[in-house]
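Chain by chain, the residues run as shown.
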Amino acid sequence: MTLEPPGRSLSDFTVELDVYSGPYEWLLALILKDELEIFEIPLRELVESYLFARRPDAANGLERDTDFAGSAAALVLLKSRTLSPAIDADTEGIEDEPLSPEELAERLTEYLKIRRAAEHLRNRFASNAGHYASGHTIPPRPGSLSIEPDRVSLAARQVFSRVLEPPVRHLGPITVTLQELAGVIRTALAAGPISFERITSDMDRMNRAVAFAAALSLAQEGSLTLAQIEPLGPLILEPSG
Amino acid sequence: MSEQERKLPSPRPAHLVEAVLLVSASPLGSSDLCSATGLSESELKRALACLRERYAPEASGIVLRDVAGGYLLSTNPACSGAVERFRREARAAPLSSAAHEVLACALYLGPLTRAAVSRVRGVNSDAVVRSLIERGLLVEVGTDREAPGSPALLGVTDEFLAATGVSSPDDFPPVDALVTQEELSRVRERLASSTTAPPESGGEPS
Chain A
1 MTLEPPGRSL
11 SDFTVELDVY
21 SGPYEWLLAL
31 ILKDELEIFE
41 IPLRELVESY
51 LFARRPDAAN
61 GLERDTDFAG
71 SAAALVLLKS
81 RTLSPAIDAD
91 TEGIEDEPLS
101 PEELAERLTE
111 YLKIRRAAEH
121 LRNRFASNAG
131 HYASGHTIPP
141 RPGSLSIEPD
151 RVSLAARQVF
161 SRVLEPPVRH
171 LGPITVTLQE
181 LAGVIRTALA
191 AGPISFERIT
201 SDMDRMNRAV
211 AFAAALSLAQ
221 EGSLTLAQIE
231 PLGPLILEPS
241 G
Chain B
1 MSEQERKLPS
11 PRPAHLVEAV
21 LLVSASPLGS
31 SDLCSATGLS
41 ESELKRALAC
51 LRERYAPEAS
61 GIVLRDVAGG
71 YLLSTNPACS
81 GAVERFRREA
91 RAAPLSSAAH
101 EVLACALYLG
111 PLTRAAVSRV
121 RGVNSDAVVR
131 SLIERGLLVE
141 VGTDREAPGS
151 PALLGVTDEF
161 LAATGVSSPD
171 DFPPVDALVT
181 QEELSRVRER
191 LASSTTAPPE
201 SGGEPS
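Quick mapping for you: the protein sequence lines, in order, are chains A and B. Note that my numbering gives residue 189 to position 189 of the first sequence, counting from 1, and the numbers run on in steps of one. Note that my numbering gives residue 47 to position 47 of the second sequence, counting from 1, and the numbers run on in steps of one.
Only chain A is shown next, with the shape it has when bound in the complex:
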């Protein structure tokens, strides 16, 4: 048996993704060095790749699983932080205040329009793909670069500023586990497809959030499928198979 250096149990694990192909360890290094955008990495595909290549009978199988679970969890955290709304220290308290129904309706309406516009753009990009212009590109002329001191100063502030932890004051004590709510969902699904709203109708916000995470977890393991026919419409949970 060959002993691998600590933390190198995944040195032979390679991944094939649209945005990257190569050793998993290099992928982690590229993400940490900001050479690759974490939001472009499909974490689900990454996990599926590992499960496919998993070697439970290997001498270091448990160590590999542990190392992968640890690194994958870190990627999930990193990606979720990247996608979290930016927090401005000056407006932190203001953002915690709930929106009025009118404001919420206005925001949702605006987002719906943008989403439809995005779909329109997707079609336009697709129908105009495949045009290649002349390969002749005029090189930039020397001395045409202009630097605005304000922009440099702002960029420096952004680079060296500390990322603020998201506020969690609005969350109460967690009194329920993912497993408990997964059990509730499984029981509800025994009678056939059911909407998420119906399952969580008598739950508070924390329980709903954990129930949603449980539903995602069950969907990930293939126990159920999630369907939402139209934006903002009901989320239907259907038993798999």
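If you are wondering where the hints come from, they were derived from the structure by calculation, not from laboratory data. Accuracy of the hints is not assured; some may be wrong.
Per label pair, the in silico range of CB-to-CB distance [what the hints assert, rightly or not]:
1) A/Glu119 <-> B/Arg46: 36 to 42 Å
2) A/Arg44 <-> B/Glu146: 16 to 22 Å
3) B/Thr180 <-> A/Thr187: 34 to 40 Å
4) A/Ala69 <-> B/Pro148: 37 to 43 Å
5) B/Glu89 <-> A/Arg157: 34 to 40 Å
6) B/Glu189 <-> A/Asp12: 52 to 58 Å
7) B/Glu182 <-> A/Pro149: 49 to 55 Å
Straight-line C-alpha distance at most 20 Å; calculated EDC-like pairs for lysine to aspartate or glutamate [stated by the list, open to error]:
8) A/Lys79 <-> A/Glu25
9) A/Lys79 <-> A/Glu40
10) A/Lys79 <-> A/Glu37
11) A/Lys33 <-> B/Asp126
12) A/Lys79 <-> A/Glu48
13) A/Lys79 <-> B/Asp66
14) A/Lys79 <-> A/Glu106
15) A/Lys33 <-> B/Asp32
16) B/Lys45 <-> B/Asp32
Glycine included, each C-beta is placed from N, C-alpha and C at the ideal position.
Chain A is already provided as a structure; the job is to place chain B on it using the hints.
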């Protein structure tokens, strides 16, 4: 005039425009074409009409496109497979849904800041914006001097207009026309029903 130019017959206006367009990797406006070829506006129009006929999609492997406020010679999309094989490169991966949403924000609500994009989408969009700037589809067009820190304002680029096949942002349909009143009504109904629902049993503060 060079010795070679003196020996050759005088080129027709369409030939001059064709030559200039061939060496340009980005769309050229009428004024640039007139300036480079020495043609008048009316001569340029006639030359372009002639080139449009010659480079019609059904007649040539090259097409004349009227995009981003100018004219551009490009390969015919019907021939893209051969071009891609020759260049040994795959077509750029399609943009993500998030990227399309950010571009839609810049197109219909822009110029706007990164924070405004994130506010509309409800999630941090900085990484998507960075990626679109790198792809040349978004650009910082100025700064919001009234906001703290003077954040940059984002707008779409000529490359974006060329990639979507339009001459100007005005060629896109109005954003209100993309959503039906029925859809908007459904959203409002759902909101109304959720706000009039009985309070949660957990009793936690909203």
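Now the hints, each set against the structure:
no.	hint	in the structure
1	A/Glu119 <-> B/Arg46: 36 to 42 Å	holds, 40 Å
2	A/Arg44 <-> B/Glu146: 16 to 22 Å	violated, 42 Å
3	B/Thr180 <-> A/Thr187: 34 to 40 Å	holds, 39 Å
4	A/Ala69 <-> B/Pro148: 37 to 43 Å	holds, 41 Å
5	B/Glu89 <-> A/Arg157: 34 to 40 Å	holds, 38 Å
6	B/Glu189 <-> A/Asp12: 52 to 58 Å	holds, 55 Å
7	B/Glu182 <-> A/Pro149: 49 to 55 Å	holds, 52 Å
8	A/Lys79 <-> A/Glu25	holds, 17 Å
9	A/Lys79 <-> A/Glu40	holds, 9 Å
10	A/Lys79 <-> A/Glu37	holds, 9 Å
11	A/Lys33 <-> B/Asp126	holds, 17 Å
12	A/Lys79 <-> A/Glu48	holds, 17 Å
13	A/Lys79 <-> B/Asp66	violated, 40 Å
14	A/Lys79 <-> A/Glu106	violated, 28 Å
15	A/Lys33 <-> B/Asp32	violated, 43 Å
16	B/Lys45 <-> B/Asp32	holds, 13 Å
In summary, the numbered hints that this structure violates are 2, 13, 14 and 15.
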